[in-house]
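With the hints as constraints, model all of the structure from the sequences given.
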Amino acid sequence: MVQSEQKVSSTHSSTSSSQFAIELRNISKSFGAVHANQNIDLQVERGTIHGIVGENGAGKSTLMSILYGFYQADSGSIHINGNHIQINSSREAIDAGIGMVHQHFMLVDTFSVLENVMLGAEEHSLLKHSAIDARKELQRLSDTYQLSVNPDSLVENLQVGEQQRTEILKALYRKAEILILDEPTGVLTPQEADQLFAVLQALKEQGVTVILITHKLREIMDITDTVSVLRQGQMVSHLNTADTSMQALAELMVGRKLDTQNHQRVDALPSETPNRIEVFDLCLRNAAGQYRLDHINLNVKSGEIVGVAGVAGNGQSALLEVLAGIVPPESGRFIINGREVSVSDPVDPRQMRQMRVNHVPEDRLKLGLVKAFTAAESSVLGYLHQDKFSWRGLLQLSSIKAMCRRLMDSFDVRPGNPNLKSASFSGGNQQKLILARELDKKPEVLLVGQPTRGVDIGAIELIHQKIVDMRDEGCAILLVSVELDEILALSDRIVVMFEGRIVAEVTGSEADKTTLGLMMANAHERAA
Amino acid sequence: MNTSNITLPAWLDIVIIPLLNIALALLCAGFILLLIGVNPVEAVGIMLNGAFGYDEGVGYTLYYTTNFIFTGLAVAVAFHANLFNIGGEGQAYIAGLGAALVFLAFDSSLPALILIPFGILASALFGALWAFIPGFLQAYRGSHVVITTIMFNFIASALMVYLLVNILIKPGQMSPETRYFEVTTWLPKMHEFVALFGYNITKTPLNLSFFLALLCCVLVWIYIWRTRWGYELRTAGFSETAALYAGIQPKRVVVITMCLSGALAGGVAVNEIMGVNHRLIMNFPAGYGFTGIAVSLMGRNHPVGIIMASLLFGVLYQGGAELAFEIPLITRELVVAIQGLIILFCGALALMLRPLVVRAYLVFRPVTGGHA
Chain A
1 MVQSEQKVSS
11 THSSTSSSQF
21 AIELRNISKS
31 FGAVHANQNI
41 DLQVERGTIH
51 GIVGENGAGK
61 STLMSILYGF
71 YQADSGSIHI
81 NGNHIQINSS
91 REAIDAGIGM
101 VHQHFMLVDT
111 FSVLENVMLG
121 AEEHSLLKHS
131 AIDARKELQR
141 LSDTYQLSVN
151 PDSLVENLQV
161 GEQQRTEILK
171 ALYRKAEILI
181 LDEPTGVLTP
191 QEADQLFAVL
201 QALKEQGVTV
211 ILITHKLREI
221 MDITDTVSVL
231 RQGQMVSHLN
241 TADTSMQALA
251 ELMVGRKLDT
261 QNHQRVDALP
271 SETPNRIEVF
281 DLCLRNAAGQ
291 YRLDHINLNV
301 KSGEIVGVAG
311 VAGNGQSALL
321 EVLAGIVPPE
331 SGRFIINGRE
341 VSVSDPVDPR
351 QMRQMRVNHV
361 PEDRLKLGLV
371 KAFTAAESSV
381 LGYLHQDKFS
391 WRGLLQLSSI
401 KAMCRRLMDS
411 FDVRPGNPNL
421 KSASFSGGNQ
431 QKLILARELD
441 KKPEVLLVGQ
451 PTRGVDIGAI
461 ELIHQKIVDM
471 RDEGCAILLV
481 SVELDEILAL
491 SDRIVVMFEG
501 RIVAEVTGSE
511 ADKTTLGLMM
521 ANAHERAA
Chain B
529 MNTSNITLPA
539 WLDIVIIPLL
549 NIALALLCAG
559 FILLLIGVNP
569 VEAVGIMLNG
579 AFGYDEGVGY
589 TLYYTTNFIF
599 TGLAVAVAFH
609 ANLFNIGGEG
619 QAYIAGLGAA
629 LVFLAFDSSL
639 PALILIPFGI
649 LASALFGALW
659 AFIPGFLQAY
669 RGSHVVITTI
679 MFNFIASALM
689 VYLLVNILIK
699 PGQMSPETRY
709 FEVTTWLPKM
719 HEFVALFGYN
729 ITKTPLNLSF
739 FLALLCCVLV
749 WIYIWRTRWG
759 YELRTAGFSE
769 TAALYAGIQP
779 KRVVVITMCL
789 SGALAGGVAV
799 NEIMGVNHRL
809 IMNFPAGYGF
819 TGIAVSLMGR
829 NHPVGIIMAS
839 LLFGVLYQGG
849 AELAFEIPLI
859 TRELVVAIQG
869 LIILFCGALA
879 LMLRPLVVRA
889 YLVFRPVTGG
899 HA
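Sequence order for the protein chains is A and B. Quick note on my numbering: the first sequence kicks off at 1 and runs consecutively. Quick note on my numbering: the second sequence kicks off at 529 and runs consecutively.
Rather than coming from a laboratory, the hints here were simulated on the basis of the structure. Glycine is no exception: its CB is placed at the ideal position from the N, C-alpha and C atoms. Be careful, since some hints might not be right.
[Stated by the list, open to error] Calculated lysine-lysine pairs in the DSSO-like style (CA-CA distance at most 30 angstroms, straight line):
no.: 1; chain 1: A; residue 1: Lys441; chain 2: A; residue 2: Lys388
no.: 2; chain 1: A; residue 1: Lys366; chain 2: A; residue 2: Lys442
no.: 3; chain 1: A; residue 1: Lys216; chain 2: A; residue 2: Lys371
no.: 4; chain 1: A; residue 1: Lys441; chain 2: A; residue 2: Lys401
no.: 5; chain 1: A; residue 1: Lys204; chain 2: A; residue 2: Lys513
no.: 6; chain 1: B; residue 1: Lys779; chain 2: A; residue 2: Lys366
no.: 7; chain 1: B; residue 1: Lys779; chain 2: A; residue 2: Lys388
no.: 8; chain 1: A; residue 1: Lys371; chain 2: A; residue 2: Lys401
no.: 9; chain 1: A; residue 1: Lys366; chain 2: A; residue 2: Lys401
no.: 10; chain 1: B; residue 1: Lys779; chain 2: A; residue 2: Lys401
no.: 11; chain 1: B; residue 1: Lys731; chain 2: B; residue 2: Lys717
no.: 12; chain 1: B; residue 1: Lys717; chain 2: A; residue 2: Lys421
no.: 13; chain 1: A; residue 1: Lys371; chain 2: B; residue 2: Lys779
no.: 14; chain 1: B; residue 1: Lys717; chain 2: A; residue 2: Lys441
no.: 15; chain 1: A; residue 1: Lys136; chain 2: A; residue 2: Lys204
no.: 16; chain 1: A; residue 1: Lys441; chain 2: A; residue 2: Lys466
no.: 17; chain 1: A; residue 1: Lys421; chain 2: A; residue 2: Lys441
no.: 18; chain 1: A; residue 1: Lys466; chain 2: A; residue 2: Lys371
[To be verified] Partial pick of chain A residues on the chain B-facing surface, computed with a CB cut under 8 angstroms:
no.: 19; residue: Arg140
no.: 20; residue: Ala268
no.: 21; residue: Ile326
no.: 22; residue: Asp345
no.: 23; residue: Pro349
no.: 24; residue: Met355
no.: 25; residue: Pro361
no.: 26; residue: Lys366
no.: 27; residue: Val370
no.: 28; residue: Ala372
no.: 29; residue: Leu381
no.: 30; residue: Gly382
no.: 31; residue: Leu384
no.: 32; residue: Asp387
no.: 33; residue: Leu394
[What the hints assert, rightly or not] Simulated restraints, written as ranges between beta carbons of each label pair:
no.: 34; chain 1: B; residue 1: Ala888; chain 2: A; residue 2: Glu483; range: 26 to 36 angstroms
no.: 35; chain 1: A; residue 1: Arg256; chain 2: B; residue 2: Tyr668; range: 50 to 60 angstroms
no.: 36; chain 1: A; residue 1: Ser331; chain 2: B; residue 2: Ser671; range: 22 to 32 angstroms
no.: 37; chain 1: A; residue 1: Glu251; chain 2: B; residue 2: Leu747; range: 49 to 59 angstroms
See the structure below:
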């Protein structure tokens with residue numbers, strides 16, 4: 001384990017005001033009894049790409065929120081380009097030259113790129129004059145940093161990667177010299193991620209300082225110059241990326257040894273194994289008449305994990321929603337756990353649960369739980385009609401809380417307090433609670449979307465193991481994930497979705513990342 | 529400094545900040561009173577004395593409070609399902625029709641003990657019916673309840689005028705109102721009720737529907753936070769997608785919630801028609817339905833808060849009337865202005881003082897220890 005604190009100590013005395021774009025000294029921040037950040041020191045040299053890694057709840061977001069003015073530190077100081085400054089709002093952060101690209105884009109969908117970029121930074125009282133200036137500046141920025149986006153396209157018509165470039169342009173337009181990117185590749189295809197990294201390289205060469213927050217260690221290794229590791233609110237290490245490895249970083253983050261493993265079945269399923277999911281020509285169209293599901297045919301056997309790979313938004317969500325009974329199909333039919341479902345004979349989510357078909361939704365905040373509810377209330381979402389939770393309509397609070405505690409124990413949800421609001425848990429812990437709720441019901445068919453999105457490395461192991469355990473008990477599992485590593489680690493069979501269609505199917509053992517990446521962009525046939 | 533994400537102890541949020549808001553509103557009101565040459569301290573004294581100073585004042589205050597509790601609860605229940613029911617006024621009005629029809633039909637044949645529960649049920653049912661239509665239209669046709677409930681207030685008003693002028697009017701006179709119900713079937717007044725226990729208080733409009741209002745508070749609390757249907761209501765209110773995921777039908781929740789909301793607004797009819805007027809008259813909801821919106825907002829859509837906010841409005845109504853009576857310089861309009869200031873500071877500007885309170889709290893908070 002490499003622990004290089006020397007950089008911090010050696011430069012502490014000789015801060016010559018200009019070497020570091022960002023210097024945080026002794027930053028601490030507590031929320032009640034929770035120390036989100038404790039005595040954090042961080043120095044980032046100008047014109048470098050610095051990665052910050054850490055598990056969920058390690059304090060990455062808090063630290064960046066302090067830097068961007070959302071929170072104020074309880075103690076410690078911030079120095080930008082050697083000047084000690086106070087950042088009390090995001091406006092002041094922007095003035096100090098800090099730009100932030102959030103994980104969820106802050107764009108107005110119905111505005112053009114140009115309008116989004118100048119929004120809030122118009123310099124003239126007439127929009128027309130501002131637009132002319134903004135267009136010139138945008139052109140200059142695109143040329144300098146190879147950030148090409150058509151300024152007149154509406155944001156809603158842009159690809160995700162282009163939307164992200166718009167966010168970066170927004171920050172640069174506001175004269176950002178320090179750019180913070182929070183989990184920037186979560187929504188991108190591998191190819192789009194490569195384009196992003198090219199842009200970041202160009203920014204770096206022009207002297208922009210980039211801070212990259214990510215849980216994908218491969219990206220840290222590929223693109224950063226230096227990397228800091230946060231664990232439980234403390235900075236445990238500052239390293240030169242060249243001096244470390246993914247394995248070492250992962251162990252620093254978690255604080256213990258990790259071993260990655262591949263969970264695919266060793267032995268093939270016997271050929272007479274029954275299908276638990278069979279889908280025939282399933283179709284669904286959106287309001288505009290485009291196919292979200294375009295004649296899907298699919299089957300999943302008992303004791304099999306079928307992975308659905310694809311860039312987000314290519315119909316995977318629709319597939320899960322139809323199979324879970326939330327959205328009725330438009331045409332076609334499917335047989336799920338022995339029950340035939342068709343347009344004329346739909347099944348609602350509650351009946352699905354009674355048939356032991358359980359669903360871990362992709363979007364945990366919108367579907368999986370109710371943010372304003374307590375964890376206990378969220379832990380019975382979908383199961384309240386059971387007598388032990390509501391007897392003659394009256395909620396049985398003690399058994400609901402007992403259930404929640406049990407679920408929290410089984411998946412190590414922290415903090416393990418059923419009375420806390422669901423929203424106050426970190427994303428990973430929300431996800432664990434939802435998984436615990438659904439897996440606890442011993443499903444015979446499990447529909448699971450993005451099981452480890454935003455979940456930290458230590459917990460990913462646990463979640464994968466639980467899913468594999470379900471499979472070994474004979475559960476048929478349909479796994480939707482945008483993380484290729486996850487699909488590859490778990491799936492016995494992989495189908496790839498593109499624009500509502502299944503464009504490829506491979507067995508888990510013969511799949512590799514590059515081919516899958518091409519399949520996700522539906523470019524495999526041309527390439528082959 | 530952004531203070532909205534700093535949580536305060538409950539007593540600061542629930543007690544101190546509202547009290548500060550009321551104080552600030554009274555300060556502004558006092559300034560206006562000074563301008564017209566009235567001593568504000570004296571005015572506040574008259575107001576408080578008018579509301580609480582003697583048993584008749586208290587009776588009137590609680591009588592007004594009763595109406596506000598009903599309409600406040602009606603708004604709150606809908607609010608938890610993310611519905612904004614502005615139709616309490618019309619729902620209360622139609623509920624009065626329900627109560628009156630039952631009493632006009634059966635007051636000579638049924639004893640009070642049977643008739644009164646029927647009257648309450650009829651009020652609730654008619655109120656619910658008047659809210660059902662906008663609820664149905666919202667759920668299955670996409671017409672927004674805010675628009676439809678406003679329209680239904682007007683429809684209710686027109687319908688009642690028609691019925692009272694042409695059909696239900698007591699023959700042989702000009703006033704658009706029905707005949708009085710049989711005296712024996714009137715909902716007992718509070719002074720009659722406490723007389724049973726040997727107490728003697730002045731006769732006021734306050735009647736037993738006050739207890740019904742308090743009962744409704746308890747029932748609403750149980751329904752929303754302690755039953756499966758309340759859970760479904762809140763789920764659908766917070767997140768329609770989560771409701772669909774859980775197998776809850778948001779459309780059904782919308783319809784049921786609107787019916788409940790209308791039924792609660794119907795409580796006004798119990799108080800006004802069965803308890804006070806003893807006949808159906810024009811415009812008896814008198815704005816209580818609209819004020820219920822402010823009551824619910826001030827009470828944070830919680831039954832306890834609604835009782836407190838209703839009491840405040842009861843004080844404003846009764847004390848305000850006293851004020852206009854005692855000091856001729858203070859007109860009814862000025863009383864309305866003072867009420868308006870309190871609504872403004874407690875409702876619209878409710879969070880204005882919060883940053884200050886947060887800062888004061890951060891300075892004076894008890895040291896929790898563990899500050900590294």
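Against the structure, the hints:
With a C-alpha separation of about 14 angstroms, the suggested pairing of Lys441 (chain A) with Lys388 (chain A) holds against the 30 angstroms cut-off. For the given pair, Lys366 (chain A) sits about 24 angstroms from Lys442 (chain A) by alpha-carbon distance, which is consistent with the 30 angstroms threshold. With a C-alpha separation of about 27 angstroms, the suggested pair Lys216 (chain A) and Lys371 (chain A) falls inside the 30 angstroms cut-off, and the hint holds. Simply put, Lys441 (chain A) and Lys401 (chain A) have alpha-carbon atoms about 16 angstroms apart, close enough for the 30 angstroms limit, and the pair holds.
Distance hint between Lys204 (chain A) and Lys513 (chain A) is fulfilled; the C-alpha atoms sit about 28 angstroms from each other, no more than 30 angstroms. As the CA atoms of Lys779 (chain B) and Lys366 (chain A) are separated by approximately 18 angstroms, the hinted pair is consistent with the 30 angstroms bound. Of the supplied pair hints, the one linking Lys779 (chain B) and Lys388 (chain A) holds, its CA atoms being roughly 26 angstroms apart against a limit of 30 angstroms. For the hint pairing Lys371 (chain A) with Lys401 (chain A), the CA-to-CA distance comes to about 17 angstroms; that is within 30 angstroms, so the pair holds.
A hinted pair counts as satisfied when its Cα atoms are at most 30 angstroms apart, and Lys366 (chain A) with Lys401 (chain A) qualifies at roughly 22 angstroms. Proposed proximity of Lys779 (chain B) and Lys401 (chain A) is supported: the alpha carbons are some 29 angstroms apart, at most 30 angstroms. Taken as a hint, the Lys731 (chain B) and Lys717 (chain B) pair is honoured in the structure, with Cα atoms around 8 angstroms apart against an allowance of 30 angstroms. Distance check on the hinted pair: Lys717 (chain B) and Lys421 (chain A) sit about 45 angstroms apart at the alpha-carbon level, beyond 30 angstroms; violated.
For the suggested pair Lys371 (chain A) and Lys779 (chain B), the alpha carbons sit about 21 angstroms apart, so the restraint of at most 30 angstroms is met. This hinted pair does not check out: Lys717 (chain B) and Lys441 (chain A) have alpha carbons roughly 56 angstroms apart, beyond 30 angstroms. A distance of roughly 22 angstroms separates the Cα atoms of Lys136 (chain A) and Lys204 (chain A); the hinted pair therefore holds under the 30 angstroms criterion. Simply put, Lys441 (chain A) and Lys466 (chain A) have alpha-carbon atoms about 13 angstroms apart, close enough for the 30 angstroms limit, and the pair holds.
For the hint linking Lys421 (chain A) to Lys441 (chain A), the alpha-carbon distance of about 23 angstroms falls within 30 angstroms, and the restraint holds. Using a Cα cut-off of 30 angstroms, the hinted pair Lys466 (chain A) and Lys371 (chain A) holds, with the two alpha carbons roughly 25 angstroms apart. Given hint, Arg140 (chain A) at the interface with chain B, is violated; its Cβ is 34 angstroms from that chain's nearest Cβ, farther than 8 angstroms. Using the Cβ-Cβ criterion of 8 angstroms, the hint placing Ala268 (chain A) at the interface with chain B is not satisfied: the shortest such distance is roughly 35 angstroms.
Against a cut-off of 8 angstroms between C-beta atoms, the interface hint on Ile326 (chain A) holds, since the closest Cβ of chain B lies about 5 angstroms away. Checking Asp345 (chain A) against chain B by beta carbon gives a least distance of about 17 angstroms; that is not within 8 angstroms, so the hint is violated. For Pro349 (chain A), the shortest C-beta to C-beta distance to chain B is roughly 4 angstroms, which falls under 8 angstroms, so the interface hint holds. Because the smallest distance between the Cβ of Met355 (chain A) and any Cβ of chain B comes to about 12 angstroms, over 8 angstroms, the interface hint for this residue is violated.
Satisfaction of the interface hint for Pro361 (chain A) is found here, the shortest Cβ-Cβ separation to chain B being roughly 6 angstroms, below the 8 angstroms cut-off. Against a cut-off of 8 angstroms between C-beta atoms, the interface hint on Lys366 (chain A) holds, since the closest Cβ of chain B lies about 4 angstroms away. A cut of 8 angstroms between beta carbons decides the hint on Val370 (chain A): the least distance to chain B is about 5 angstroms, and the hint holds. Nearest Cβ of chain B to the Cβ of Ala372 (chain A): about 5 angstroms, under the 8 angstroms cut. The hint holds.
For the restraint placing Leu381 (chain A) at the interface with chain B, the shortest Cβ-Cβ distance is roughly 5 angstroms, inside the 8 angstroms limit, so the hint holds. Annotation: Gly382 (chain A) was flagged as interfacial toward chain B, and the flag holds, the nearest CB pair being 4 angstroms apart, inside 8 angstroms. Hint status for Leu384 (chain A): holds, given a least beta-carbon distance of 5 angstroms to chain B, under 8 angstroms. Because the closest C-beta pair between Asp387 (chain A) and chain B is about 11 angstroms apart, greater than 8 angstroms, the hint is violated.
Satisfaction of the interface hint for Leu394 (chain A) is found here, the shortest Cβ-Cβ separation to chain B being roughly 6 angstroms, below the 8 angstroms cut-off. For Ala888 (chain B) and Glu483 (chain A), the Cβ-Cβ distance of about 48 angstroms falls outside the hinted range of 26 to 36 angstroms, so the restraint is violated. In this structure the hint that Arg256 (chain A) and Tyr668 (chain B) lie 50 to 60 angstroms apart at CB holds, the actual value being about 56 angstroms. One distance hint, 22 to 32 angstroms for the beta-carbon pair Ser331 (chain A) and Ser671 (chain B), holds here, with the actual separation near 30 angstroms.
Range check, Glu251 (chain A) to Leu747 (chain B): about 57 angstroms between beta-carbon atoms, so the 49 to 59 angstroms window is met.
This entry does not satisfy hints 12, 14, 19, 20, 22, 24, 32, 34, going by the numbered hints stated previously.
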